[in-house]
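K.L.:
Listed here are the chains, written in short residue letters.
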Amino acid sequence: MGTLLQDIKYGIRQLYMSPCFTICTILVLSLGIAACTAFFSAWDGIRDWSLPFDRSDRLVSIWSKSRNPRHSHFPRLNCSFPDYQDFVAQNTVFETLAAQGYRTMNLTGRDEPLALTGWAITDNLFEVFRKQPVLGRSFLPEEISAEQSQVVILSHALWQQAFSQDPDILGQDVTLDNRVYNVVGIAHPDMDYRQGFSAQFYIPLTSSPSESRSRHALQVFGRLHPTVTLQAATAEMKTIAARLEAQYPESNKDFTVLLIPLQELLFGKVQGTVVTMMAAAVLLLLVASTNIANLFLSRMDRRSQEMAVRSAIGAGRWQLSRLVLIESLLISLVSGLIGFVGATGSMGLMRRGMNLITSSGGMAGIPRITINPGILFFTLGLSIIVTLCFGLLPAWKTSQTSPLQSLRTKARGSSRSRHGRHLAHVLVTAQIALAVVLLVGAGLLVKSLIQLRLSSPGFNPVNLMTLQITLPQSRAYETDRQRADFCRAVLTQLQNIPGVSHVAATNIIPVSDFNFMRGFQILDRTSQSPDDSMAAEFRTVSTDYFTTLGMPLIKGRLFQETDAGNLHVVIVDEEFVRRYFPNQDPIGQRIALGAPCEIIGVVGNHQTGTRINEQTFPHMYRPLRQACMERIVFIARTQTDPLTLAESMRRAVWAVDVKQPINHIQPMQGIIHDTRATYRLSSFVLNLFAGGALILITVGLYGVTASTITQRTREIGIRKAFGACHVDIIKSIIGTGLILTGLGITVGLIVALVVCRLMGSLLYNTNPTDPISYSIVISFVGVVSLLACYIPARRAAKIDPMAALRYE
Amino acid sequence: MIKLKNIQKRYNTKAGFLYVLQQINLEIDEGEFVTIMGPSAAGKSTLLNILGMLDHDWEGEYYLNENAVHELKPKQRMALNRQYVGFVFQAFNLLDSLTVYENLDTPLSYRNVRASERAAIVCDTLDRFGIVGKKDLYPNQLSGGQQQLVAIARAVVAGPKLILADEPTGNLHSSQGQEIMELFKKLNKEGTTIIQVTHNDKYAAYGRRIIRLKDGWMDGEITPEQLVGKVS
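If you're matching them up, the sequences are chains W and X in order.
In this text, residue positions in the first sequence follow this note's numbering: the first is 1, and each later residue adds one.
In this text, residue positions in the second sequence follow this note's numbering: the first is 1, and each later residue adds one.
Only chain W is shown next, with the shape it has when bound in the complex:
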């Protein structure tokens, strides 16, 4: 025990007497440990995240999936009500199957009108999730079957915020879309499990006998029987879908079903981003580890001599190893401690960052990310292994050679052994290669970010203000004409606001995740087969929509006020023409969209959804006056900062209907900025790590070069004594460094070419093999390496030959 304590004391002193080595090693290791622990803990938190429901692993979402290539832009679709009913009637694999349909309603009759979003649900939805209302009850079967059920369940959050958690809320009446609903329950707060899609109210999902099978508007969830596997359930549901396909070919042709566990549905969306960040953290740890290895290696000679002396005065292999073991453990433990503090300190940031990522995928409640002790010990263990392996090398080497020989070699001022030098070179090469992979990844993301900034969503988002409302389903806004009149009145009010140059209205805001895909048929096409089901994103827009957004007219004409007449007109975009009228003039062609509509113009494409790599969707636009829906987005082109006009725009709406709540008001640039937040975060993290790796390879290369020069001082002195000039010395040293850099870059590029292909989904308009990004990384690493070698090389060139020959 006494000897062990003595060894610890000597170990501490040894480290204290090599401050540069100790500080560098501890810093590099701490950085690697902190980064890995933080990111793996975050990953663990996300992986361990489970839905707040009993046996949530049994919860499955059921989707329609089209095999028709024309629908390939939809990986999955909601289910239709009749299909849902057939699934319920025919399946034997689910304990319960429930459905919900998206609804928006305006809450009025209180101080301020509120625009609410919610679900129309079947009576067993809460049963599927095993979360009954915290107050009151769920819907009764008779309330579902009734044509007009005037009952509502409020969400826990709405009950808290709008009703001050009134304990007597049950039985009270609330006005939704100008109709009175009786509150029968308060939903469990855990039902807000899906961020961004939380309901504020639940109303009964009443069915209509005439409901079409082509209307895919319901989200269906089921709880699997305890003994049924997902595969078995999928097989049975596909059989049912095939039966329906045969039974209802006009609506169900090419449709099958897709079963996705609910947990996977939410988790899958964020997996790519988080895995990329973790891979970057692992790469950083590997770069850090090779750096540590090199730091240990450059110390090897001094240690070899010391080990030889210890061996000569009686130390056995174990006694030598124990010494190194203790030093390595000391370094690892201190690094682990600092790394732990660093990782703990970064947890707040990590939670915010991960919350941003996971909420983009709809996963609520992720901020419960904490340091995972297992991961901390794993990274600490890895660092201990690295330090031990390379720390024990001198001890092992001493046991392999004669100690006196080692001492004699040292005394003669010989340089590091060939084996040691080769190992150091291999490590530097590996380090550069790993850093190149990280830098290429970061470079590709930077390029993507630049591309994103330069990219146009298909319109000019600068100085555009958006205001979203949902008209109540009341008598006042029952018909298209009533809603269109409301729109026109608001547009007039908006147009009168000073600083507004153009105003427009539409049903779905550009760059949003709301889809409204509508099927249509091309009329007068002789070759058309019944299989040619076609669909495109459907938008109703006001006359000035394209001018306000700055979307280019490619062909034909835009809408005019006179288009409100009997002739139904439609404008399509270039993608629509490319898909459905290739090599044809679409102007004058007619499509069946409810009523026959004539294509009068072609406009440019625009970004539909919020995902950056989303494919271009075909769009068709109809005049708002011919088809105006409840959901309306007003867009104003302003001459000043759009935010300054927010209040005026609100007042313009209330000037027409004082009870109309405003859902959302935000500048268009803000909307686009928000959609890129996750992307910017992953780019930032990767660049941070790449920067760290760049520092590490600079330190690594500098360290190895400087160490080599120290080893070669005598040799350099001899060379100079025999006539070598400064340039010869510098060239010889830089040459070695550049060969290692070249090798590292080559290996790194080969690995990057393979690895970065996996990043494809994270890149925007950037090829994973983008030559510009690769060239910049090569140049950058080359210059950094040159500098890292030049500084010690210059010092070497100044060595005084006489002093060098006296060196040892």
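These aren't lab readings, by the way, just hints derived from the structure by calculation.
All residues carry an ideal CB built from backbone N, CA and C; glycine is no exception.
The reader is advised that the hints may include incorrect statements.
As the list claims (entries may be wrong) - Only part of the chain W face toward chain X is listed, based on derived beta-carbon distances under 7 Å: (1) Arg13; (2) Met17; (3) Ala315; (4) Gly316.
What the hints assert, rightly or not - DSBU-like, lysine-lysine: derived pairs with alpha carbons at most 35 Å apart: (5) X/Lys73 <-> X/Lys189; (6) X/Lys135 <-> X/Lys161; (7) X/Lys14 <-> W/Lys731; (8) X/Lys189 <-> X/Lys134; (9) X/Lys161 <-> W/Lys9; (10) X/Lys134 <-> W/Lys9; (11) X/Lys161 <-> X/Lys5; (12) X/Lys135 <-> X/Lys202; (13) X/Lys75 <-> X/Lys214; (14) W/Lys9 <-> X/Lys135; (15) X/Lys5 <-> X/Lys214; (16) X/Lys73 <-> W/Lys9; (17) X/Lys161 <-> X/Lys75; (18) W/Lys555 <-> W/Lys447; (19) X/Lys75 <-> X/Lys3; (20) X/Lys214 <-> X/Lys14; (21) W/Lys9 <-> X/Lys75; (22) X/Lys186 <-> X/Lys214.
Said to hold, decoys possible - With beta-carbon atoms standing in for the labels, derived distance ranges: (23) X/Lys214 <-> W/Lys9: 45 to 55 Å; (24) W/Cys725 <-> X/Lys189: 54 to 64 Å; (25) W/Tyr790 <-> X/Ala68: 57 to 67 Å.
With chain W fixed as given, assemble chain X onto it according to the hints.
P.N.:
Chain X in isolation, oriented as in the chain W frame:
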């Protein structure tokens, strides 16, 4: 004490075997003071390594105090080394990060001597070598002569029967070298067997036998008197 029979050491090179030591037959009694001399690459240090059991790759027979070293495994040889041998180097090779006291303590700790016992032995040795005042100093705070004094103290602290000194005065100026040789002489008189390698004729003469090596072969043995006569 030492008996070498047909000791030879060779390296396998591309050009064939390179012999460093050949047919070394030597007997050294306990209490002797032997000097090994010879030109560079004669095999002096190699012979010292073999005697100190730090080199295991050789052929022949080596008996140390009736122990057949050639039959022992490396680990057993190391144990024998700890029991019998102390080393003194030309470059002192003190451990820079340890104080004088700790440098003397280290060999004892490797021999698993208990801490209390070690302290007594180290203090006794410091006193014996007159370096008590230096016990808390680090090697770089000592002169060359003082460092070698500490190195010899370290070599004898564990009470070895045999001291192997590889050019112990090589890095010292003449007066310091003289002091060190006198110290060896004293240790030898106290019963310690000493084998030194040196190039210096004057210091070589401290040995009672002088063994000459050349190209790995024994090139005869002379007495100090013969050496002095040769020099004069």
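K.L.:
Taking the hints in turn, state whether each one holds.
P.N.:
Verification of the hints:
About 6 Å separates the beta-carbon of W/Arg13 from the nearest beta-carbon of chain X, less than 7 Å, and the hint is met. Hint status for W/Met17 relative to chain X: holds, with the closest Cβ pair at about 5 Å, below 7 Å. At its closest, the beta carbon of W/Ala315 sits 5 Å from a beta carbon of chain X; the interface hint therefore holds under the 7 Å criterion. With its C-beta approaching chain X no nearer than about 6 Å, W/Gly316 sits inside the 7 Å limit, and its interface hint holds.
Restraint check for X/Lys73 and X/Lys189: the C-alpha separation of about 33 Å stays at or below 35 Å, so the hint holds. In summary, the hint linking X/Lys135 to X/Lys161 is supported, as the alpha carbons are separated by about 25 Å, within the 35 Å threshold. Among the hinted pairs, X/Lys14 with W/Lys731 is consistent with the structure: their alpha-carbon atoms are about 33 Å apart, no more than 35 Å. Distance restraint check for X/Lys189 and X/Lys134: the Cα-Cα separation of roughly 26 Å lies within the 35 Å cut-off, and the hinted pair is therefore satisfied.
A hinted pair counts as satisfied when its Cα atoms are at most 35 Å apart, and X/Lys161 with W/Lys9 qualifies at roughly 31 Å. Of the supplied pair hints, the one linking X/Lys134 and W/Lys9 holds, its CA atoms being roughly 20 Å apart against a limit of 35 Å. A hinted pair counts as satisfied when its Cα atoms are at most 35 Å apart, and X/Lys161 with X/Lys5 qualifies at roughly 21 Å. Of the pairs offered as hints, the one joining X/Lys135 and X/Lys202 holds, with about 31 Å between alpha carbons and a cut-off of 35 Å not exceeded.
Proposed proximity of X/Lys75 and X/Lys214 is supported: the alpha carbons are some 31 Å apart, at most 35 Å. Using a Cα cut-off of 35 Å, the hinted pair W/Lys9 and X/Lys135 holds, with the two alpha carbons roughly 17 Å apart. Restraint check for X/Lys5 and X/Lys214: satisfied, since their Cα atoms lie roughly 18 Å apart, inside the 35 Å limit. Taking the CA atoms of X/Lys73 and W/Lys9, the gap is about 33 Å. The hint holds against a cut of 35 Å.
Distance restraint check for X/Lys161 and X/Lys75: the Cα-Cα separation of roughly 20 Å lies within the 35 Å cut-off, and the hinted pair is therefore satisfied. With a CA separation close to 33 Å, the supplied pair W/Lys555 and W/Lys447 stays within the 35 Å bound. For a cut-off of 35 Å, the pair hint linking X/Lys75 to X/Lys3 stands: about 21 Å separates their Cα positions. For the proposed pair X/Lys214 and X/Lys14, the alpha carbon gap of about 23 Å is at most 35 Å, so the pair holds.
Between W/Lys9 and X/Lys75 the CA atoms are separated by roughly 27 Å; this keeps the pair inside 35 Å, and the hint holds. For the suggested pair X/Lys186 and X/Lys214, the alpha carbons sit about 30 Å apart, so the restraint of at most 35 Å is met. Checked against the given bound of 45 to 55 Å, the beta carbons of X/Lys214 and W/Lys9, roughly 48 Å apart, stay inside it. The hinted range of 54 to 64 Å is satisfied by W/Cys725 and X/Lys189, whose Cβ atoms lie roughly 58 Å apart.
Take W/Tyr790 and X/Ala68: their Cβ atoms lie about 59 Å apart, and the range 57 to 67 Å holds.
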